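Residue numbers (our numbering), protein chains in the order written: chain A, 1 to 367; chain B, 1 to 408.
Hints are computed from structural coordinates only; laboratory data are not their basis.
Since this is a predicted model, take the numbers as computed values, not measurements.
Backbone N, C-alpha and C fix where the C-beta goes; we use that ideal spot for every residue, glycine too.
Hints may contain errors.
Unchecked claim - If you only want the chain B side, here are some residues facing chain A, beta carbon under 10 Å, derived: (1) ALA306; (2) LEU310; (3) ARG320.
Stated by the list, open to error - Restricting the straight-line Cα-Cα distance to at most 27 Å, the calculated cross-link-like pairs of lysine-lysine (DSS-like) are: (4) A:LYS132 <-> B:LYS400; (5) B:LYS216 <-> A:LYS110; (6) A:LYS133 <-> B:LYS327; (7) A:LYS133 <-> B:LYS245; (8) A:LYS116 <-> A:LYS180; (9) B:LYS153 <-> B:LYS216; (10) B:LYS301 <-> B:LYS327; (11) B:LYS216 <-> B:LYS316; (12) A:LYS132 <-> A:LYS110; (13) B:LYS316 <-> A:LYS110; (14) B:LYS316 <-> A:LYS132; (15) A:LYS180 <-> A:LYS246; (16) B:LYS327 <-> A:LYS132.
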Amino acid sequence: MIGKDVELSGVSMIYPNGFTAVQPTDLTIRAGEFFSILGPSGCGKTTILRMISGFLNPSSGAIAIGGEPMIGIGPNHRPTALIFQSLALFPLMSVCENVAFGLEARGVAKAERRRKAEELLGLVALSGQEDKKPGELSGGQRQRVAVARALAVEPAVLLLDEPLSALDLKLRQHMRAELKAIQRKTQVTFIYITHDQGEALAMSDRVAVMNEGRIDQVATADALYNNPETPFAATFVGEQNVFSGKVVRSENGEAQVETPHGPMVGINLHRLNVGDEALVMVRPERIGIVDRGGAPAASNQLQAQLDRRDLEGALINLYLRSGSQGIHVNLHNRGEEMLALADTMTLAFRHQDAVVMRPGSMARDKA
Amino acid sequence: METLVRTYGRGLTALFIGLVGFWILLMIIVPQIRMIERAFTYEDRAGETATLALAIDRAYTEKFQLEQELSGLERAGPAVGQMPSAPSPFAPSMTMPSATPVAPAIPSLPTPGMVPSASAPSALSDEDRTARAEELRDQIATLDKEIAELEAKEDTSSGEAGMKERISLENFTSMSGLHLKIFAMTLLYALTVTICTFLISYPVAYAAAMAETRGKLTLILIGLVIPYASNELLRIFSWVMILEKNGVLNSLLDSLGLIDLAAGEGFRFVASNGAVFSVMVYAYMLFMVFPMYNTIDTLDKAQIEAARDLGGSIWKIHTRIVIPHAKPGIAVGSIITFMLSAGTIAAPEIVGRGLHPDWFSQLIYRRFFEADSWNQGSAYSLALLAACILFILINMAIFKVSVRDIAK
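Between the sequences and the hints, there should be enough to build the whole structure, so can you do that?
Encoded structure:
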C-alpha cells in the first residue's frame, strides 16, 4: 500500500438550505502523512471528509488525489476508504466477511478473500476472531475490524471520522498508539477528524484547526501548541489565559498591552499598531509565582488571589482571580508547602511566553 | 397478574382478563373448533339413510297436496261428509297461502296432485265430488301406510332424521382431482402475487426509509395510504373500470393510436390471471411496504455508505446489506400478503368474472352456499389454513427468522 497526496483548491460547501458548512478552502495533505483536522462540532470538518470521500460534491473548487481530479467520481471509485464514527460494521456478517466485503465487491475469489482478510486481521492483531460476529467483539476490537476492512481495499487515503469517540479513555489512548503504528506500517495517508485535541496532538504529523467552516491554521502538533496563529487556535488547543486591552507600545516584534491588570508585554504576532485592540495570551504552565522561586526576572507581573487549588498528582492547578478575571496556573508538584486560599500573590510570566493577537473568535468552553 | 391488580385495581383487572378470555374463546377457539369438527364430520348424501329420508320427505309432500285438494272439496259442499284425516306432521307448518280460495281465475282444469283452485270443485256435481273425495282419502291412507313403513325402516338412533353423520376423513379424501388442482394452483397464484408484491414494494419501502426529509416521507406514505381509505370492493371495481374492454386502459391505447376501439379492437384485460394478480398486488402492497419500511428504517444508513465506499455495487449493497437486514420485515409482509391472497374471494370473483381459472376460495364459497355442503366447505377451508401455516413455517425457515424476530 502506498499513500497519495490530497489537494483541495477553493473547495467550499453550501447546503441547499443556504447553510455554509465550508468556506472556500485550500489544503494540501502530503502523501503518507498522518493528518488531523481538529475542530469543535459543527465546524465543517466532517463535511470536508465527506467531500474527499465522495459522498458530497463540493459547491465549488476542486479535489485531487494523487494528482487526479476527483470531482464527479463516486465514493466507490475513489482511492479512499472511510472509517465511520459509528464504524458501520455489517452486523450480520462475520468479521472475516466484513473485512473481505470490499474484495467481494471487486469480484475477488473466495479463497483469496479469506487469505487477504486473515492477513489484515493479523495486522490489526485480531487473528483467530475471523468467524465471530462484530457484536461479539469488544469496542476496541470492533475498531480494529473497521480499520482492517478499510485497508482491505488498499486505499491510498484512509479517512477516519472520529472513530475513537465511542471508546473509553484507556482504550482510546491505546488505540491512538495502534492507529499511529498501523499508519507507519502501511504508509497510507491518514486523514483523521476529531474534536479531541489530545488525539490530534498525539498522533498527527500535522494538524489543521478548523472553526466555522474555515481552516485557521495548519501546523505540526508542536508548532500548533507553541505558536498558535489565531485566537481560536490558541484557545482551542490547550488552555490559555486571555487578557484583553489596547496596544500602547510596539517595537522589536514585541507589543506592550495595557490591561486592567497592568501592562503586559508579549510577541506581537499580528504586527499590531499602537492603539489597536489586542489580546494577550499565556499558557497556564508558563506562569510562575514570584517569591516561590522559578519566576523569571524582568517579566510581566500581576496580582491575584487564590480561589481554588486542585491537586492532579504531578501537576497542581491553581485557579486565581484578579478582579473579575479568572486566571489558571499550572505548577509542577515539587512537594512544596501548601498555598493558603484567599492569599494574594504575585504572578509573573516572560515576554516570549506571551502572545499578543488581534481579537477574534475564540473556543467556547470545551468539555 | 399481580402487577395488573396493583396498577389497575381488582375491578379493571377482572374486566381485562374477562375481555381477553372472551376474545380468545369466541374469536379463536370456538370458531376453529367448530370448523375442525365440521371438517371431520362426513355427511353421506348418497347413502341409504339419505335416500330413505328423501323418500319420506316426498311422501309427506304428496300427502299434504292431497289433503289440500280434499279440504277444498269439503269446503265446496257439505255432502262430502266429515272424514277427519289424521293431521299430517307437515300440515301445520306448511299452510300455503294458495290453499285459501283467493284466485278464482281459471274455472276448469282441476289438476290432481296440484293445489286445486277454489273454483274447480264447484264445477263438479255433488256425486263427482264425493267420489273424488273418497278417492283422495284412499290415496292418503295408502300414503300414511307407506310413510309408516318407511319411518319404521329409518334409524333414529342418531337423534337426527335424514343424513347420517360420521367422523371421517372423507371430506378431504373425496376432494376431486379438479379441486385438488385448483387448490395447488391457488397456492401457486398466492405465491406469485406475494413475489410480485415484494418486487414492487421493496423499492417503495426502500425509498421511504431513505427519504432525507420528513416532507418526502410523508408524501410517499400518504400516497400509499390514500387508496386504502376507500372500500376494498370499490378499489377492485375501479380496477375493473381500468381493465375493461371499454375501460380506461384501452381508451388510452386508443387515444395513442395503438388500437382502434371503434373498430372493435381492444384487449380484454379482465378475466385473466394477469388482471387478478395486478389487482391483488395493488390491494396488498401496503401490507408488504409497511413491515419492510419499518425494518429498513432501522438500518444504520452509514452501513449503506460504508458498503458503497468499499466499492459495493447497487446489487451488492441490496443483496448483502439491506435485504438481510430487512428479512424480518420481508417475512412478515410475505406472510400477510400470502394469507390474504390465498384466502381472498373478491378479486378473483369480480375481476375474474368466472372466465379465468378458479381460486380455491371461490370453490370454498360454492361448497358452502351453492352445494350447501358446509362440512366439505369446512374441510376445504381447513386444508387452506393448513397450507398457509405450512407456508409461514417454510417462510420462517427460509428467512431464518423466529417468531420473536417478527414480533420486533
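> Looking back at the hints listed earlier, which ones does the structure fail to meet?
Replying inline: When the structure is compared with the hints, numbers 5, 7, 9 and 15 turn out to be violated.
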